[in-house]
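Colleague: Just so you know, the protein sequences line up as chains A and B, in that order.
Every letter in the first sequence is one number past the one before it in this note's numbering, and letter 23, counting from 1, is 23.
Every letter in the second sequence is one number past the one before it in this note's numbering, and letter 111, counting from 1, is 1111.
Honestly, the hints are just simulated from the structure, not real lab data.
Just to be clear, a hint being listed does not mean it is correct.
Simulated coverage check for chain B against chain A, where a stretch passes if three residues somewhere in it have a Cβ under 8 Å from a Cβ of chain A [what the hints assert, rightly or not]:
(1) 1040 to 1046
(2) 1050 to 1061
(3) 1066 to 1074
Below, a list of computed lysine-lysine pairs in the DSSO-like style, where the Cα atoms sit at most 27 Å apart [stated by the list, open to error]:
(4) B:Lys1002 with A:Lys14
(5) B:Lys1103 with A:Lys41
(6) B:Lys1067 with A:Lys66
(7) B:Lys1002 with A:Lys55
(8) A:Lys14 with B:Lys1042
(9) A:Lys66 with B:Lys1056
(10) A:Lys64 with B:Lys1002
(11) B:Lys1042 with A:Lys20
Note that the coordinates shown come from a computational prediction; the quantities given were computed from them, not determined experimentally.
Ideal Cβ positions, reconstructed from N, Cα and C, are used throughout, including at glycine.
The chain contents come next:
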Amino acid sequence: GAVVSQHPSWVICKSGTSVKIECRSLDFQATTMFWYRQFPKQSLMLMATSNEGSKATYEQGVEKDKFLINHASLTLSTLTVTSAHPEDSSFYICSARLDRGSSPLHFGNGTRLTVT
Amino acid sequence: QKEVEQNSGPLSVPEGAIASLNCTYSDRGSQSFFWYRQYSGKSPELIMSIYSNGDKEDGRFTAQLNKASQYVSLLIRDSQPSDSATYLCAVNWQAGTALIFGKGTTLSVSS
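Only chain B is shown next, with the shape it has when bound in the complex:
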């Protein structure tokens, strides 16, 4: 059974702080990793993709992947109230197949 684990939170940070979200996955052969943001009542939107070990930065977002530890993280710098949402970690274990999602971490950014 392929699993993706996330701390459900809520994670509360003040505006301007760094939010750190973590995810672990069970299948060592997984190939690609994604972070989606989901606002209440809406469908997920892609914010980061990462395919190889190391860091990938895009604006205020940095994704980190450590395949040896089967660990993916997302850092959000200068957090804004508009970042308040549920963040879903998703893993693709085989090309062409569906993504497996974690349960999501709810982030709350207070102004």
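Extracted from the complex, chain A is given alone in its bound form:
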């Protein structure tokens, strides 16, 4: 089955610093990856769609200059949280699907970000 690897699993950083999260598709190529965020006891909210070789598409209300997404290859997308603040503390999860259709998304293990 499709495997999506995400790193790191958890990170603690100080307010004002930047954090990079990596998402890799291990056994398939993903032209598109999706980044979600989940606050405690809430559902997954789509942040952005990461497209290989082009700019990411951000959802309404997500600051593109704060959440930098780079999808430089068919197996790697990165999310950088710049100038992190405590309100950015959340569970960030990347996902991808095997095709360009309507098949399910396969999720990475997620990254728990805590900003102090």
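Based on the hints, put chain B in the right spot on chain A.
Modeller: Just chain B now, kept in the frame of chain A:
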């Protein structure tokens, strides 16, 4: 605005019982439907996919889809304490796009 609605619960059932989880969606043109299970602190894992009207069974799980009513359900037979988790209904409204998730239903199975 495309929406997916679920009863947040908690839904409590005794071990061995049938748990019934429901979901409605707003976009009549939605193409595919999924149920994910999420344990606390973990990422979602896929348990069922359904694409056409009717029932789809996989072990103890049965997904039901009624596109006319814009309704998806998940039945879990012989519920086990290990089934205690949050169940997320997800809908894909267009090929190649992200899934839209409901808020999830928390299931608690007591032994």
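Colleague: Against this structure, judge whether each hint is valid.
Modeller: Each hint, compared with the structure:
1. 1040 to 1046: Since 6 is at least three, the answer is holds.
2. 1050 to 1061: violated (count 1)
3. 1066 to 1074: Contact hint for the segment 1066 to 1074 of chain B vs chain A: violated, 0 residues under 8 Å.
4. B:Lys1002 with A:Lys14: violated, 36 Å
5. B:Lys1103 with A:Lys41: Holds: B:Lys1103 and A:Lys41 sit about 9 Å apart, inside 27 Å.
6. B:Lys1067 with A:Lys66: Roughly 39 Å separates the two Cα atoms, so the pair is violated.
7. B:Lys1002 with A:Lys55: Holds, because 24 Å separates the two Cα atoms, which is no more than 27 Å.
8. A:Lys14 with B:Lys1042: holds, 24 Å
9. A:Lys66 with B:Lys1056: Violated: A:Lys66 and B:Lys1056 sit about 42 Å apart, past 27 Å.
10. A:Lys64 with B:Lys1002: The given pair, whose Cα atoms are some 22 Å apart, holds under the 27 Å limit.
11. B:Lys1042 with A:Lys20: Measuring from Cα to Cα gives roughly 20 Å; hence the hint holds.
Of the numbered hints listed earlier, those contradicted by the structure are 2, 3, 4, 6 and 9.
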